Structures are given as structure tokens and as C-alpha cells.
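Peer 1: Sequence:
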Amino acid sequence: MNSMKKIVLGTTFAAGAAMFVGATEAHADETYTVKSGDTLSTISQQFAGDNTLIDTIAEKNSISDINRIYVGEELTIPTSGEVSTKAEVKTETKQETATTEQATQQYTYVAPVETVEPVVATPATPAASTSDAKEWIAQRESSGSYTATNGRYIGRYQLDSSYLNGDYSAANQERVADEYVSSRYGSWDAAKTFWLANGWY
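For the sequence shown, counting from 1, position 176 maps to 203 in the numbering used here; every step adds exactly one.
Please keep in mind that the hints were generated in silico from the structure rather than gathered at the bench.
Only a predicted model underlies this, so the values are computations on that prediction, with no experimental measurement involved.
Treat each hint with caution, since some may be false.
Calculated lysine to aspartate or glutamate pairs in the EDC-like style (CA-CA distance at most 16 Å, straight line) [unchecked claim]:
no., residue 1, residue 2
1, K62, D82
2, K62, E101
3, K87, E101
4, K62, E100
5, K87, E57
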């Protein structure tokens with residue numbers, strides 16, 4: 028009985044090896060771009076209807092760790108001849124005895140695959156209260172006008188002309204105002220609080 032099992036197993040593995048060699052000669056490949064949630068198992072299921080392409084895909088794309096693929100990565104997928112040949116092997120395997128099926132299933136390795144999402148940095152935005160406080164002061168000082176003057180005080184934030192060094196552009200007024208408030212009060216909210224108490228900042 029043991030010798031019969033060995034003969035059946037040997038025949039099955041030899042047939043599988045022959046089918047695999049025939050498949051590699053087909054050279055029918057397709058390019059596939061990895062999407063979020065993909066694994067080598069789901070990709071194999073999509074192209075072959077089962078997990079038989081996992082090792083082949085890994086080999087063709089030089090994937091050293093079959094548990095890790097990346098979103099956006101382009102993979103070369105064997106199709107046509109290779110897929111049909113592997114489907115035939117699967118059909119023949121189903122017709123074997125239960126012992127032969129267990130031995131054949133040892134070739135199928137389904138492992139969890141970690142899909143790595145690209146990290147996208149989110150630019151920081153100023154707090155709404157800070158922006159509101161800045162606009163509030165601008166309206167109180169100059170009604171929001173970059174060209175407003177009051178003696179030596181210039182522009183939207185009525186800065187001392189010496190602070191602006193002769194550059195009265197809107198960009199320079201914004202930059203100098205931020206630097207002034209940061210160094211003197213720490214924030215526009217604190218500057219507004221001071222203005223409310225003293226009528227100036």
C-alpha cells in the first residue's frame with residue numbers, strides 16, 4: 028500500500044513539473060499595477076482563479092518577501108499559456124485520491140500580505156482662531172488696507188515704518204507683522220487680547 032502511494036505521488040509531482048516547464052515557455056505576460064488591498068493571493072485568484080500563480084509572480088518580479096507588495100508597483104503576470112496549463116494541473120489534481128490531493132496542496136502557500144500605503148504629508152494649517160484674531164486687528168487698525176498711513180505707521184497692520192525698512196509691499200507687511208506679533212505676544216490671539224485691554228498692540 029505504501030509503495031502504491033509513492034508511485035501515485037511520484038506520478039503526480041512529475042506531471043506537475045512537466046506542466047510547469049511547459050508553462051514557462053509560453054512567455055505570455057501581462058502588466059498589473061498593485062492597488063490598495065491587493066495581495067499576491069488575490070492577484071493570482073484574479074488571473075488564474077486560484078493561488079497557483081503566487082510563486083511564479085514572485086519569481087518573475089524578484090519579490091524576495093511574498094508577504095509584502097507595494098501600492099503602485101507594476102507586476103509582470105504570466106497569462107494565457109501559463110494560466111491554462113496550471114488550470115489543467117488543478118483539474119487533474121482534483122481527480123486524484125484524497126492522499127494525492129493532500130500532497131499536492133502542500134505546494135499552495137497562502138500567506139497574509141501586507142499592503143504598504145504611501146505616506147502623504149499633510150501641510151499644517153493655522154488655527155482658525157489665530158486667523159480670525161489677525162483679521163480682527165487688521166480691520167481695527169486700517170480697515171484691512173495695505174496702503175493706509177497714520178504718521179509713521181504704515182499699512183494693513185499699522186506697523187512702524189522702521190520695521191518695514193522701506194518695503195511697503197503686502198508680502199513684506201504680512202511677514203513683518205507675523206514676526207512682530209510672534210516676538211512680542213507669542214500669537215495673534217494674545218495680541219488681540221492686549222488690543223482689547225489697551226486699544227493698541
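Peer 1: Each of the hints needs a verdict: does it hold here or not?
Peer 2: Verification of the supplied hints:
1. Only pairs whose Cα atoms come within 16 Å are accepted, and K62 paired with D82 is rejected, the gap being roughly 19 Å.
2. For the hint linking K62 to E101, the alpha-carbon distance of about 10 Å falls within 16 Å, and the restraint holds.
3. Distance check on the hinted pair: K87 and E101 sit about 12 Å apart at the alpha-carbon level, within 16 Å; holds.
4. With a CA separation close to 8 Å, the supplied pair K62 and E100 stays within the 16 Å bound.
5. Restraint check for K87 and E57: the C-alpha separation of about 11 Å stays at or below 16 Å, so the hint holds.
Checked against the numbered hints given earlier, the structure breaks only hint 1 and satisfies all the rest.
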